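Novice: Below are the chains, spelled out letter by letter.
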Amino acid sequence: MREVELKMKERAAELLQSGEVARVIGWKKGEFYFDPTPAVFESADELDGFVYNGFCGANLSKYLIQQSKKEGKTAIFLKPCDSFSFNQLVKEHRIKREDIYVIAIECQGKLDVEKLKEKGVSAVTEVEENGGEVVVSSLYGTVTLAKDEVLLSKCETCKSKVHQVKDEEIVFNEMQAGKKDRFEMVEKLEAMTEAERFAFWKEQLSKCIRCNACRNVCPACSCIKCVFDNPASGVAAKANDSEFEEQMFHIIRAFHVAGRCTDCGECSRVCPQNIPLHLLNRKFIKDIDTLYGEYQAGETADGKTPLTSYTESDAEPNDVMNGEAK
Amino acid sequence: MLKIAKERLNELYGKIAQTQGLFIPVKKAGEVNYAIWGEGKEVSLETLKTVKSPKNMFFPQTENMMKFKTEGKNIDIIDMRDEKRPYVLFGVKACDYKAIEVLDKVFLADPVDTFYKARREATTIVTLACSRPEESCFCSVFGIDATAPAGDVTVWLDNENLYWQSNTEKGEALTAAVKELFTDGGEAEVEAQKAATKEILQKLPFAALDLSRFKPENLNELFDDPAWEELSEACLGCGTCTFVCPTCQCFDIRDFKTNDGILRYRCWDSCMYSDFTLMAHGNSRTTQMQRYRQRFMHKLVYYPSQNDGLYSCVGCGRCVNKCPQHLNIVKVIKTLGGKNDD
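Just so you know, the sequences run in chain order C and S.
Here the first sequence is numbered in the numbering used here, starting from 1 and rising by one per residue.
Here the second sequence is numbered in the numbering used here, starting from 1 and rising by one per residue.
Be aware that one or more of the hints could be misleading.
[What the hints assert, rightly or not] Below 20 Å or equal to it, Euclidean Cα-Cα: the simulated EDC-like pairs (lysine to aspartate or glutamate) are:
| hint | chain 1 | residue 1 | chain 2 | residue 2 |
| --- | --- | --- | --- | --- |
| 1 | C | Lys28 | S | Glu229 |
| 2 | S | Lys27 | C | Glu114 |
| 3 | C | Lys180 | C | Glu168 |
| 4 | C | Lys202 | S | Glu31 |
| 5 | C | Lys147 | C | Asp167 |
Think of the hints as simulated: they come from the structure by calculation, not from any bench.
A quick note: this is a predicted structure, and the numbers were derived from the prediction, not measured.
Generate coordinates for the entire structure from the input sequences, incorporating the hints supplied.
Specialist: Okay, here's the thing in structure tokens:
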């Protein structure tokens, strides 16, 4: 990954120095190896803290809504999964393709520091990536872990290693797709009885603290004003009033992004209570695939979408409810 | 000092729960938060940081305050409080205990928040010393000793035993109720653990943060510092940092029409939200930078200037762990705090 980082930094400097772009969106170094922060660089001098490593899991595309409205062109580094979100934002007219210079970057799966801690490693001071291994140093000793065991959940089931959009590419090595089937857990939930499924979601959603991180990070949640932020609506985004409210919030959100969610997995990555929110979205994705034919949001920035276009062969709602639709 | 073998802790919990509610870190759907104890609950005292802090016990995320019923020109105000049953809050870490002191100064100052006060008075707090602090911890910067927290009772935990020391009258009363389960001893083990933990605490990466610039006289200078723009750039405007924070104390009060009259309730608010302190004219803070700055200025400048220099950050590090984009108070302190961090 080091060679990728160096090349990215070099290209960012060139683009800023030549004036081709006014800003570059990437990541900057945090306090540790494992906490880089999304950042906007406006001059080559600012690039000292530029970083790209195994902990750059954040999807940067949503920052374009604000940043690309500014004067001049904006360059952005996109991993394959982030490029789906980019296309979706273009499709929904949230960003303009011509305002942005897309640099497609290599991704070998991103790591989850919480999973390191679940392995009993705490007081982590350094992390070193070494091919398929991750060497973690802490105040309590050094441990070597297999990379597959500490991948972000969204990376375990990575749907594609193909960039859907790019102006140039920084990829040195072949990228490995996810090893797990992304619909496995959805199928498990489908196989449950209604009562079991209800109990599963009730337990998970009752952890919700209404921080709205899932909504605010979601590239599909790009409403200028969210219905839950409207004090006149009778519901409040911050009031975790009852179990019912939490279910309502998450289910409404899942419905609103249905057909538009690219399955970038950011909702589950950011949830402070680790609620597997992406499973709600994946259920919709699976249903759309079944009822309307294979569809992946963000594969292209134009064209019709299953839930916003009508064809005579569309599934009948009643049949869907009764489980008879094909 | 008293001690009890670790494998007998369930007996201790059961004994306490016979007469009082027991709130303790419990694992549910993979995450550990304070919850009421019952048979079969998976207690996790080893978890260093619960996701939500124990402030929830005194200052719940949501609570109903009163109901109004109107009939003609009369309004009936119905107090919805139940009588507070005594309860025990068990396993509070030193940082979270200090945070209760921070909250007390707000809620118990005139005018007293009677909802908060009733819960505080009904509670006996059992604190738990830390033995495995982690990289995001920086309580020592605020003068907190993680190895010997205060509280009504202090306990220490090692691989074999839990050691118990009562500190107050409330603590003595609780001790008397459970004493039959304990034997004497443990001083040497506790001293050894304290020494080992102190060594780790010194080595923690944030142990030497410099707060010297956060003083009331620097308020304007800090407020106007251009660094806030860059510090807040990646902020999503979510409420994670405020809702996991043990000292964040802002709340909103709203009235809702229900089928059964009007319900007034309050819930935690977050200065990160666009409707925070929303007034008729609009919002006083129109950008995310301003909201972000508010949070840290409150913790490090405004609060201490009104409370004899006491900061309203306790270094628990929850925001360091939980911010989706890794923004946090440590980065603010390092950027604006003082010479040591330049």
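Novice: Is C/Lys28 within 20 Å of S/Glu229, Cα to Cα?
Specialist: Holds - the C-alpha atoms of S/Glu229 and C/Lys28 are around 15 Å apart, at most 20 Å.
Novice: Next pair to validate is C/Lys180 with C/Glu168; report whether the Cα-Cα distance is within 20 Å.
Specialist: violated, 29 Å
Novice: Would the pair C/Lys147 and C/Asp167 pass a check requiring their Cα atoms to be no farther apart than 20 Å?
Specialist: violated, 30 Å
Novice: Check the hint pairing S/Lys27 with C/Glu114 against an upper bound of 20 Å on the C-alpha distance.
Specialist: Given pair S/Lys27, C/Glu114 holds - Cα atoms ~16 Å apart, limit 20 Å.
Novice: Would the hint linking C/Lys202 and S/Glu31 be met if the CA-CA limit is 20 Å?
Specialist: holds, 14 Å
Violated hints, in rising order: 3 and 5; the structure is consistent with all others.
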